Amino acid sequence: MQKWLLRNVKADYKKISNTLGVSELICRIMLNRNISGFELMDSFINPSMDKFHNPRLMKDIELGVSIMKKAIENNLKIRICGDYDQDGNSSVLTLYNGLKRCGANVDYVIPHRVIDGYGINERIVENANKDGIDVIITCDNGISAIDSVKLAKDLGMKVIITDHHDVPNTLPEADAVINPKRVDCNYPFKELCGAGVALKFIQVLYEEMNVPIEESYNLLEFVAMATVCDVVDLVDENRIIVKEGLKRINETKNIGIRALIKATGLEGKTITTYSLGFVIGPCINASGRLDSADIAVELFLTDSQEKAEEYANKLHKLNEERKSMTIEGVDKVIQKIEESNIIKDKIIVAYEPSIHESIAGIIAGRIKDKYNKPTIIITDSTEEGISKASARSIEEYNMIEAIAKCKELLNKFGGHPMAAGFSLNSSNIDKLRYELNGTTTLTEDDLLPKLYIDAHVPINVASIKLAEELNMLEPFGKGNHKPIFADKGIIVKKIDILGRDYKIIKMSLQNKKGRIVTGVYFGDIELMQKYIINKYGEEELNRAFNGQANNVELDITYLPSINEYNGNRYLQVVIQDYR
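In numbering that gives the first Met the number 0, the protein residues as written are 0 to 578.
Since no wrong hints were added, every one of them can be taken at face value.
Derived PhoX-like pairs (lysine-lysine); straight-line CA-CA distance at most 25 Å:
{"#": "1", "residue 1": "K268", "residue 2": "K481"}
{"#": "2", "residue 1": "K369", "residue 2": "K335"}
{"#": "3", "residue 1": "K511", "residue 2": "K464"}
{"#": "4", "residue 1": "K449", "residue 2": "K343"}
{"#": "5", "residue 1": "K149", "residue 2": "K58"}
{"#": "6", "residue 1": "K477", "residue 2": "K268"}
{"#": "7", "residue 1": "K345", "residue 2": "K430"}
{"#": "8", "residue 1": "K268", "residue 2": "K502"}
{"#": "9", "residue 1": "K529", "residue 2": "K2"}
{"#": "10", "residue 1": "K502", "residue 2": "K529"}
{"#": "11", "residue 1": "K404", "residue 2": "K430"}
{"#": "12", "residue 1": "K534", "residue 2": "K487"}
{"#": "13", "residue 1": "K152", "residue 2": "K76"}
{"#": "14", "residue 1": "K345", "residue 2": "K335"}
{"#": "15", "residue 1": "K9", "residue 2": "K487"}
{"#": "16", "residue 1": "K406", "residue 2": "K345"}
{"#": "17", "residue 1": "K512", "residue 2": "K487"}
These are computed hints drawn from the structure, not numbers from a lab.
Given the structure is predicted, the values throughout are model-derived calculations rather than measurements.
When you get a sec, could you build the whole thing from the sequences and use the hints?
Take a look at the structure:
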């Protein structure tokens, strides 16, 4: 069960509602997401491209663009260095298409996840030198590449860094370092993904090269995919990018995007943030995990329908392979945890050599979600005696801070409070587990999963109109999750089990006001039945199944939704949790 917490931001909701022209409930939901002040709130409910910030406010962007403009005008050889994930893919596509539009002599390189690891490295720099490259521009990486950038400069190349990751104390000595997170950068929004920063670079370049700025909006398809898949907060400019990008993706002329939509079974369906984050994005990421990330870039660059279908089908196949590898890995780790003392640990540190290092992070996330504990999954690397690890955390535990305190046990490490990666000598795995668990201040309460409720909204108040009103808050994602409401003392009039696999519970619900509303629950059916039996007895559950008078009452958290069937529209509440 989850711990329910009602958000209670103090504000004059009536005044804000009158100013913005939306309901007090919508205002409350925005404030619950730390969206405050008229300008930000208005931009949130009315996202449009005229509300983009001026890209020239970004530190070094004009300097970087002036270098690039000269390189294009002098037909110098330019190389983009990207990354192997979805954001890296979209960043490369954004820069490549934008630079080509300006007439650049440009190619790209993407590091191999296993051979190269993350970001620009000395091998990539040396290859660029051999190929006669004059200018290297990074995207979605480079902010920490001090040695690689120095080598490139020593070899006589110009280097422009575009990145969005946290900035180290010492910057690389590049010709331009463009990152909104720089402490000396006055750009008002710090949470762009790598492709978002690349887009800003191209917008300034277009202005300098006399290309209509409107043409940069054609790149929003790629930037929207990256913004969703890199799990940055969907607020401010990111919200505009995703909303506008989704419009374009749903009407796309890019044969690669169309081919991938078809290969993943989404043809004829509306593409949403869910489609990008859980269907399309994983296929693109799969190429960087199990093959070459170049496949995904070439998919979106090709003019050949035949090639597009070939690449799209290959990506889909790779992702299916990744899924089965993930399931197998998760099962092995769960078995290892359940059959050992690891189950008692507050920080899970599990070593499983059979896991492919490229999916260790996915498995760490799944294990973290299952146990609601910070999780580190360790597997073997290609180097004898060296292991690699991926870590995923909960809000209450700063992962990068914790592993930094154990740096004497590690070879390399990096990351964020919620996600990190590192390598270590295999002989240090047990020492790391004991060190992390021996020094943690996590409490049992910290390990309880939390469910944050936006407002107490009785189910008799829920309506189709309310469900439609909530649509103005889309797209949903990190930093803007779907609203969750709560009501208590709900009488369960009837229970049915539906679905092809009998995995959906449908209920007739009635609160104290007497109105009956349909509720649906997509969670663990057996667990819900056990809960009702333990609290009310099996006979009461059977009476509810038969639609007979019974004593079953539940408190629920829910989201109002519209169910469309045979041309009719019905209100239903989608139950998130119960007690």
